[in-house]
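Trainee: Kindly generate the complete structure, drawing on both the sequences and the hints.
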Amino acid sequence: MPEIIFANQDSGEEMLLNMGPQHPSTHGVIRFIVRTDGEIMSEAIPDVGYLHRSIEKIAEKCTYEGFMPYTDRVDYVAAMTANECWAMAVEKLADIEVPRRGYYLRALSSELCRISSHCIALGAMAMDIGAITPFPYTLREREYINDLLEQICGARLTFNYHRIGGVGWDMPLGWDDKVLRWCDHFDGVVGEFDRLITNNELFIKRLANLCVVPRDEAIDWGFVGPNLRASGVDFDVRRDVPYSIYPSVKFDVPLGKGLMGAVGDCWDRFWVRVREWEQSVKIIRQALAQMNAETKPGDFWNKPKKLKPKGEAYVRVEAARGDMGCYVIGDGSTNAYRAKFRTGSFNAMGIIRKKSHGVMVADLVALIASLDVVAPEIDR
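Under our numbering, the residue at position 303 of the sequence shown is numbered 309, and the numbers go up by one with no gaps.
Each hint should be verified, as a subset may be incorrect.
Label pairs and their computed distance ranges (CB to CB) [claimed, not checked]:
| id | residue 1 | residue 2 | range |
| --- | --- | --- | --- |
| 1 | Gln157 | Lys63 | 33 to 39 Å |
| 2 | Leu202 | Trp181 | 26 to 32 Å |
| 3 | Gly364 | Pro178 | 50 to 56 Å |
| 4 | Arg221 | Gly364 | 20 to 26 Å |
| 5 | Glu223 | Lys346 | 21 to 27 Å |
| 6 | Gly338 | Pro178 | 36 to 42 Å |
| 7 | Pro75 | Pro142 | 27 to 33 Å |
| 8 | Arg79 | Asn206 | 33 to 39 Å |
| 9 | Leu145 | Gly197 | 16 to 22 Å |
| 10 | Lys302 | Val247 | 25 to 31 Å |
| 11 | Trp181 | Lys314 | 34 to 40 Å |
Please keep in mind that the hints were generated in silico from the structure rather than gathered at the bench. From a predicted model like this one, the values you see are computed outputs, not experimental measurements. Positions of the beta carbon are idealized from the N, C-alpha and C atoms, including for glycine.
Mentor: Take a look at the structure:
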């Protein structure tokens, strides 16, 4: 490992500590090199690479279709959008049309997966700070979602559901009614969750005005998704770079408002994700109604007969952790010449060193959790 150069190395009273790489609050196999006097940190430097598996190199060795299961590992907490990103990139490269029903099923599975991912992010953040109850509370809802996704694709974590040209399976009979019943149930859960933790006085005091990332700073550091919107930047790929069925559904884009502190603090990043739960449910309801009205069962996959595209393509999707991009180059063979994923967690990690200066070690845990980083999005 290269030598770590610390700023302000003039004090002999500080300790050099390792947080991770296996640590319950690092949200993956990530190491932080912490310089502290015991409670107040001078710096916390992310040291990534412990989960690197050369997934982009593997893309060059697999066929376009054969690489789809690997995309689940780009972000194993919200794998559907990584499936979709790869499928869309190859479809753009090879000029493949997707049936309308296939688009609806992609949106439905991706929004369910977004809610599931936020369940992990919000529950784990509360637990990291010391509130144990919200985590099993959100895990219960995630299990309900996993039941629904298992019924449509047979898997609960790494789905391999999306396909180049559509999706692998149509929804089973009665699945839409089950999803709507769960949506009705979840509407009440969000309100309970707000009363339990979001608006909890101690929780607010713990997070308000902590590690504030102002609007301009969020843009400069390349923030995306909920982290960017929590800083007040009104941008969502689904609305502003439209794809799939998103232009035909109505939803709001929650923004940080500084309701309990400054815009862009840790509490705002938590609050924005809770509000995104509500918007995803709104999208799911509309998508189900439109799909049943506009499409017929069975027309969900335009399976390509031969994939040997040439050229290059770049696409973007709104993943659970924000703007995910996939760049792919085809040279006329059955494999990609080059593939590259752009993810939200990698850029979010960059600001931790700056924001860690002068805050307590316990606040580093809150900062990491509020950014919702996951290791596989960092190490590709």
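Trainee: Would you mind marking each hint as holding or not holding in the structure?
Mentor: Status of the hints after comparison with the structure:
| no. | hint | in the structure |
| --- | --- | --- |
| 1 | Gln157 - Lys63: 33 to 39 Å | 34 Å, holds |
| 2 | Leu202 - Trp181: 26 to 32 Å | 30 Å, holds |
| 3 | Gly364 - Pro178: 50 to 56 Å | 54 Å, holds |
| 4 | Arg221 - Gly364: 20 to 26 Å | 21 Å, holds |
| 5 | Glu223 - Lys346: 21 to 27 Å | 26 Å, holds |
| 6 | Gly338 - Pro178: 36 to 42 Å | 39 Å, holds |
| 7 | Pro75 - Pro142: 27 to 33 Å | 30 Å, holds |
| 8 | Arg79 - Asn206: 33 to 39 Å | 35 Å, holds |
| 9 | Leu145 - Gly197: 16 to 22 Å | 19 Å, holds |
| 10 | Lys302 - Val247: 25 to 31 Å | 29 Å, holds |
| 11 | Trp181 - Lys314: 34 to 40 Å | 35 Å, holds |
Figure legend: structure checked against the earlier numbered hints; every hint is met.
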